[in-house]
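Based on these hints, arrange chain H on the given structure of chain G.
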Amino acid sequence: MDNILRDGTQIDQTVFKELDLNETSSPAVSDYIVVPALYTGNLHIEIVAKEECEIHGEEITSTVIWSIYTEEDLLLNIPDELTYSKIIAQYPDGEEEITQYEEGELVIPQVIPTEKNIVKLTFYQDDEIVAIFNMDKGKGYQIISEDGNYVIRIVDEEGNPVYDIWQEVDEDTIELSPYIDIEYFDREKNFVFKLEKYVNIPIGVYFAGTIMSEFSLPFKFLKDIENGDKCYYVKISLNYVNDTSSGKLNAYLIWR
Amino acid sequence: MPNIFNDGTQVDQIIFDDISIADASSKTSDFMVVPALYTGRLEVVLMGGSTDCVLATNPATVDIIYYAKSKGSAIHTWSTYVSISAGTYKKGKILTEFHIPYRKLKEVANGDKVFYVKIKINYTQAGSSGNLNAYLVWK
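Residue numbers (our numbering), protein chains in the order written: chain G, 1 to 256; chain H, 1 to 139.
Bear in mind the hints are in silico, worked out from the structure with no lab data behind them. Be careful, since some hints might not be right.
Cut-off 20 Å, straight-line C-alpha distance, at most; resulting in silico cross-link-like pairs (PhoX-like, lysine-lysine) [unchecked claim]:
| # | chain 1 | residue 1 | chain 2 | residue 2 |
| --- | --- | --- | --- | --- |
| 1 | H | 27 | H | 93 |
| 2 | H | 104 | G | 50 |
| 3 | H | 139 | G | 223 |
| 4 | G | 194 | G | 235 |
| 5 | H | 93 | G | 194 |
| 6 | H | 93 | G | 220 |
| 7 | G | 230 | G | 194 |
| 8 | H | 106 | H | 118 |
| 9 | G | 220 | H | 90 |
| 10 | G | 223 | H | 90 |
What you are looking at is a predicted structure, and each value in this text was computed from that prediction instead of being measured.
Bound conformation, chain G alone:
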């Protein structure tokens, strides 16, 4: 068992030993890690590829959406099966919610004002993303579209819309990063707090010996948590998609 890293860093505890990303169901949860030194702020976790690793996160697939341009607005004809509570529009100069309601009820189809270019529409159900509709700014004539998948807006020399070509949106999938949760427990192993999605691990391939993630165990915020001054154990959870991930990794607790 390793007890020292190549640069001389001393390992305090092994958190994951040869964790097989493909064969281990997500989330991979460590055993209780004893951390009496938590409040010094000197405890760090390092996740290292034991062999070549490929790691992936959850995928979100957008839903087919028809876009219909009228003279002043862009109408999104949203399928019935897409349940959402708000739409955030990303404009080149910022973001704003553009969901329309009437007397507390969602208006469908949604009408998107088109006085500004739209980069992206993100559909949320509560705080969870349920669909993303990308519309690259583009140049020249194609101010909303990218390679013909979306609405292509033809504009005149001053940028005023002339007409649109309607097209069905292809299904578009985005992949979220794998992430780490940290759970805190007291000396009796009673649950104190769960810090969700603390750090993200970039999607990709990691060669043997390369660092996949490094982070300190945060503790300052615990002062605002009930019994946050009594933490004695932590657990580390690695959230990813095992079907598309492969390879083995190690994770270490180190003191610095």
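Same frame as chain G, but now just chain H:
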């Protein structure tokens, strides 16, 4: 302007000084001089500012961008390094805290030449409001 926390932690640099988050969907710091980066003891703490900080995105994220002394192109960007839960953070309440990672830089070209760092907070402007502070502290 605070230069010490209630627990005695000394502030090395002020990254964001009570900035409003209502006017944009991201905030990027100035260049922070971090000659001590490779000690691994530099920590960033984000706190609620003078008015309640409301983050609408779940989660908001923080990018870390590394630069050489020449401040040219970034040597490395660690996108969405940490996440911040949506919610309301009152004055002094911690949004997130993290050490600035440096060990990964040994695998990056010119990763041993980092002298400046920028911090970028990404969130959804719609529904977000209030102010926040961010500090660089030495542990």
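Okay, the hints, checked on the actual structure:
1. H:27 with H:93: Judged against 20 Å, a Cα distance of about 19 Å means the pair holds.
2. H:104 with G:50: Given that 20 Å is the threshold and the Cα spacing comes to 15 Å, the pair holds.
3. H:139 with G:223: Within the cut-off at roughly 17 Å; holds.
4. G:194 with G:235: 9 Å, holds
5. H:93 with G:194: 17 Å, holds
6. H:93 with G:220: 10 Å, holds
7. G:230 with G:194: 14 Å, holds
8. H:106 with H:118: 19 Å, holds
9. G:220 with H:90: 15 Å, holds
10. G:223 with H:90: Measuring from Cα to Cα gives roughly 14 Å; hence the hint holds.
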